[in-house]
Structures are given as structure tokens and as C-alpha cells.
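Kindly generate the complete structure, drawing on both the sequences and the hints.
Heads up: the sequence shown runs through residues -22 to -1, 1 to 802, numbered per mature numbering (1 follows the signal peptide of the UniProt record, and there is no 0).
Be careful, since some hints might not be right.
Calculated cross-link-like contacts (lysine-lysine; reagent style DSBU-like; alpha-carbon spacing at most 35 angstroms) [to be verified]:
| hint | residue 1 | residue 2 |
| --- | --- | --- |
| 1 | K563 | K576 |
| 2 | K576 | K489 |
| 3 | K326 | K179 |
| 4 | K563 | K684 |
| 5 | K45 | K253 |
| 6 | K500 | K576 |
| 7 | K716 | K572 |
| 8 | K352 | K136 |
| 9 | K283 | K296 |
| 10 | K179 | K763 |
| 11 | K574 | K684 |
| 12 | K576 | K763 |
| 13 | K296 | K326 |
| 14 | K296 | K179 |
| 15 | K31 | K179 |
| 16 | K136 | K563 |
| 17 | K765 | K179 |
| 18 | K35 | K45 |
| 19 | K31 | K45 |
| 20 | K574 | K136 |
| 21 | K716 | K574 |
| 22 | K765 | K582 |
| 23 | K153 | K179 |
| 24 | K31 | K153 |
| 25 | K35 | K179 |
| 26 | K684 | K763 |
| 27 | K179 | K582 |
| 28 | K96 | K576 |
| 29 | K96 | K683 |
| 30 | K500 | K489 |
| 31 | K683 | K765 |
| 32 | K716 | K763 |
| 33 | K563 | K500 |
| 34 | K35 | K758 |
| 35 | K572 | K684 |
| 36 | K684 | K716 |
| 37 | K582 | K716 |
| 38 | K563 | K489 |
| 39 | K136 | K253 |
| 40 | K489 | K716 |
Keep in mind that the hints were calculated from the coordinates and are not lab data.
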Amino acid sequence: MKVTSIILLCSCLLSIITFSSAADSIAAAQTLSDGQTIVSARGEFEMGFFSTKGNPKNRFFGVWYKKISNGTIIWVANRESPISNTSGVVKVSSRGIVVSINQSTDSIWTSNSSRSVKNPVAQLLDTGNLVFRDANEQQNFAWQSFDHPVDNFLPGMKFGYDLATGADRYFLPWKNEDDPAPGNYIHRVDKNGYPQLLLWKDSVPWYRTGPWIGSRFSGIPVLKPNGIYTPRFVITDTEVYYVFDLVNSSESSPITRLTLTPGGVSTRYIWNREKNEWSQYLTLQVSDCDRYGICGTNGVCNVNKSPRCECMEGFDPKNPEDWAQADWTNGCSRKVQLECGNGDGFLKYTGVKLPDTRWSWYNMSMNLVECEEKCLKDCNCTAYSNTDIRDGGSGCLLWFGGVNDMRGYSDDGQDLFVRMPKSELKGNKHSGQKTRVWTVLIPVFAVLAGIVCLFLLYRIRKKRIRRAETVQLSPFNVAATNTEQTQEFDLPLLDFIQIANATDNFSYNNKLGEGGFGAVYKGVLDEGQEIAVKRLSKDSRQGVNEFMNEVSCIAKLQHRNLVRLIACCIEEGERMLVYEYMPNKGLDSFIFDKEKCKSFDWPKRYNIINGIARGLLYLHQDSRLRIIHRDLKASNILLDYEMNPKISDFGLARIFGGSETQASTTRVVGTYGYMPPEYAIDGLFSIKSDVYSFGVLLLEIISGKKNRGFHHPDHNLNLVGHTWRSYNENNLLDIADKVILDSSNEHEVFRVVEIGLLCVQEYPEDRPNMSSVVLMLSSKIALPKPKQPGFYSERRKPNDTTSSSTNHTSSSNNSYSVSFFAPR
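Listed below in C-alpha cells is the structure:
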């Protein structure tokens, strides 16, 4: 029976729950049974149990349109766990909304809000949003279905992520029209580089809208003002999301929704009142040029040409034979390689869909001239454009390496400036008058530069004041880099006196901690910027090599989950690195602290796990350099003001070449408990070494226990071994910190534990790469069964006199990082 509100007698044995049919009229109900429904205040939407036409036996709890298009499902709760009969009931507890069978305590689905409430209320709003809140708090929702969308994007719904709350709103379409279980596609706002909407099929990029350029996405044609809805894309320090609002919110205004179909096509529908049906308004994917990367790296797809793909000017197909057979996937390569600082310039391409921004850097306040200068100063920068094309253009967007997934040319596209060697610029139709202009301006600039240099020399000799300016680090000790080639890094240089003043002469009160490199101090520069100064200790076994290594690895990396290197100092015999200040210090100070961990609930830990994973993915795959960290651990994960994680300490990192996947060493460095067996025993390391360390760190975050030094009364295994044993005994409750079990969905926690076990498998080829890990963490795809982890053997007991300590005799005296020689 359908009712607007349902009132049933309350039982003292069960929690009282509340469903609301109107914002100002709340009715108490014990349960909502199958066959009963609740309608929103104005009758726009309805919720209850439903079945699909093709499978009437399976019952799902969901929300659908009521006033128009009765039966069009917009949201499903138990989409992966259908009830096979009509015994389903819905209850509300202090922790959220629960779907179960016949009053059973075993839930089929639960909302599991991040906080509990005293007077629980479940309310269906006229926006289609099902919310869970306290009866006394009208707007402060503890949970809402809009934060957990399925396949329909409605007005006012945010599509994106919130770093403060940990919300990540993405779309997983139905498997087919009769099965609401998640299909093969996932549509989400990508967090790498400049944010963009990216559709994945399984783990492969499938479609990309292009970045937001002020009023629309780069890859979507200009649409005339429609009078129906207005789109917005919001980017702040803590939140990135896409939203559209109705122009007119009256009952007579048009109704629209954006749906991701089981086939992975995003389609916008408008409700046709005359025909009483949904009419297709637009489809985002309209041609084969919309398929991601169809023309490969540095290729451009043009639907108006045959063949579809062509190389950018100055580029040739990598494999001409494949190209002739319409296989363009290998893309294009440069005819003439770039020579940084030897007259590079830019070709202007007009009317293009901007390339994939996962490997980009952006600044919203720079203009196009500043953007070009920024790109020219960075030898790895290959293209630039505006982030906003309105009012003549603003903002700066830089690309590094090859550009991917370009489409053009059309009147609706944008301007893209691609870096080219000097020889390719002469006479090119895209280069315009720029070369001739520079021919005139260069002598003028040379004269002015000479005057400025003389003035600066006078000032330096007169007052010995050097401001932060670009320096070449390599001349102070080229030999220390173990290479005969000079390496140059654009990094500000600070005077020793500046850092001494900033840290109150390295006072004990400003000391933040100490590691293998030396002490770390908090400081404040003259302009008010807070910094953290890592000062090389004279007694440290980490010296110039590590100093140079850290600078070379991190100086040019840009990612929200990597700590930012601001400057360095090599004066007065010192070796100091200056970083952005992380007020919440290291992750270890929270998860291993009995008091602090009490406030460290699951949403915070889950956000940190995802942030670390994205940072590692950037290092391994998405950055300009492929970097193996080799010392990933809890103390090297720093936390900013919003508890966002940032990977730090690159002194032991290694840079891999483009085709290099594995290396070996006789100097094994790292931290006991985090090193994989193939590295600790044979000195072999790869990206899978970091994956192992990440798996250990993940288990430590969930358990609140250290892997090394872990003790259990029933055995003498480390934390990894204990987790593996508990997994095989189906007793993962014994793993998780009790704090997070009170603030989480147990199934989500256990899934993450399984991901951790996949990362710490004994053989590196069995471990997933970080792109797979990120996908596992952000979706509900099926997980493979983990195999036995590395170092799964019981340790000798402390009183076992047969235990050998020879392996420790050559290790460093630093309790944080170790270096020792292992036999090969």
C-alpha cells in the first residue's frame, strides 16, 4: 500500500526510526515494509521496494520519480544484494538507514553514516535526495544519497570529491537494464593534475570531457543558452565538483537528468510533457573521435577527415606501417628532438580539444604570457594553454611529455601552444610573426640584461644580500652525484642567515624531530611563510648523495599528495632542504598514539590511504620521472592542516628511465618492516617494492599497530603475518582498530584489508600496480584472492639464544632508516 507517511506502533525492543514525507511534518514509523512507500513533500519522488521487468523476483530498495515518469529509478541502495522475496524491511538506527530481511539483525545494506545521531530521521526530499539526519538539525545531514550516486545525475547534485569530508561522488551504471549491480564503467572526477571528468571501462580510460575552460568542458561543443539548466565546475583547495542547477525551480519548469547508460554513454534527457516521455537532449559521446586516445600520443583525431587521425605538425607516425592500416594507437614522435635553451618556441593550434590533463600543472591566476615563460623555463614542459577562455583568457595549464587524446579542429575548440625546436618554427604557418618579433627584441633584451647584471653585481659586492633566485646545484659538488654530467635544478637558494633567523637559530623549541638525514626545524620566513628545515647532521651517514638525490627527485614534481620542496641552502658548509610546513607532523604520530588515534576515525584514515595511493601512482606512472621511493613508511607521510597526506623524504629514491622497470643494488636501504623480500634479500627493487611498502602501511593504518615489533599472545608473527592468518580464519575483526569499526562500514574496511594483502604478496609479479590499487580503492570491482605474503614466518622468541644478530652489525645507528649490505 502506498502512503505519504506511515505510522506504526513502536516496539521497546527495536530502535525507533523516523521517515519523513515533508520537511515540516515528520511521522514516526517502526519499519517500512515491502509494499509500502513514502512520497516526498510535493510528490516529486517516491521510495520503497521495486523489481525490474526482466527479473521480478529480486527486490531492491530505491528512489524513483513519482509525479512524472512514474517508475524511472534514480537511486538504488542494495544494488549488489537483492532480496529474493517481499520480506524486505527498512529501519533507521542511530548510525543510519538499514535494509534487512524480516526484522533480521543481519543487514542487506546500510548507509553507515560517519557519525551517530540521537533522534534519527530518514527523509526523502523533493530533490530526490534521501537524507539521514537528527530530527533537530534540518540541514546538517549525517548521510545523503546524493553523496553516493548510482547512474543518474540530478540538479543540485555534486559530481566530484570533497577532501574535507572524504566524499567521492562518482557514477557506476547498471550492469544492464534489469540488473542494477555495477557494470564495467565508472565515471568520476580525476584528481591528478588539472581536474577533469574521466570515464573508465574496467581499468582503461574510455572517454574524457576535456578540462573545464570557464563555461564548459573543452571536449563538449558550445551549446546555446537553453533556459533549462546552468552548469558549474568548482575548484577549491578542499573541494572539486561539477554541478548543474535549474534556471527555473517552479513546478512548471522543464525537468532534466543526466544518465550513464549500461553501455557507458552519458546522455541528458528532458521530460517532454506533451508526449509524456523522456526526450534525448544531448549525448556526450557522438563519434569515434570521442574514444579516448584513438590516435595515440601526439596524434589528433578529426571526424571531418579521412583517415581520422593525423600527427601534429613537426611529428611523424611512430610506426608508419601500422598507421597506413588505420592502427594509430602507437601515436606520433617528433621529427626533431627538443634542445632545451636552444631557441625553443611554440606552435599555436586552434580549435582543439585540450589534451589529457592527468600529467599537467595549473595556476588559476597567471596570464598567457606568464604561462609561456613558465613553460620555457621548464625543459620538461611541452605545451601550455589557458584554464579559462572567457574575457580574453586567463589561468595557466602546462603539459609535460607527450600529449594524449586530442581532437580538432573546429570553431568550438581552444588554443594550444605546443613546444617545438627552433628548426621547426621557421616558416611555419602556426608560428605567426613571433620569430621576427623576437629577432628584434633579443638585442634590446641583451642590453637591458647587461645593465641589470652590472647592477646586481654591484649590489652583491656592496651588501652581500642574495635573494632567493634560481641556482645550479651541481657545481658545488658534481662528484657527489656519481655522474660526470652537470645536473641543473631550478630551485631557490636561501642564505644560511635567512634560515637561522627563521628557525630562531635552530633553537630546541623549534625542533620538530630527527631522522637519518638530521634534525628538522620549524621556521617562519620574513614574509610570514611557515617552513620546515631539514638540516644534514655532520654525524649522519646520509650525506651529499642523499641531498642531491632528494633535490633531483622532488624539485620539479607537483602533486597534492607530495610534500613541496621550497628551497635549499648550501652555504657555510651546510646542506639544508626547506619544505612547506606540515602542522600535523607524521602519520605515525596519530595511528600509533593511544590518545590521538581515538579521534582518527575511518573517513580520515580512508582519505589518507587514498591520498597516499594517488601520490604513489603519480610517482610511478603519471609524473615526468618514474620514481621509486624505497622508504615509504608512516613517519614519511606528513599531514597538512586538513589531514591530507603528503609523501616526503626522497633521499633514498631512485629515478627510472622510460623503459626501465627493475634494478638491483648491493646497498640495500630502507626501513625494517617495510622492505619486500626480493629487495631485502637480493637487492632487487622496482615499483612493486613501493607497492609492498604501501601494503604494510595500509595494514598499519587500519590496525593502529606497527608491523615490526607487533606482538600477539597466540603466535609470534608480524602484523602482515597476523593479518594473513586472520584472513584465512575469516576473522578480520581482529585486525581493525576498534576506533574505525565504530565509524565505518565493516565491509569497506575488510575490502581495504584484502587490498593490503594483495600488495604484500611474496612475489612482485603477483602484486598489483598502483593504478590498479587506486581503482580497487575507489570502486567496487571484484578483488582477486591474495596469495601468501612475504616474510610469512614466525620470528624467534626473544629468549631464543639461537637468534643471530649478524645482519644488524653493519646497519646504521639510525632507528628510522637503515642501510646494510646483503649477499647477492
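(request) Check each numbered hint from earlier against the structure, then list the numbers of those it violates in ascending order. (result) The structure breaks none of the hints.
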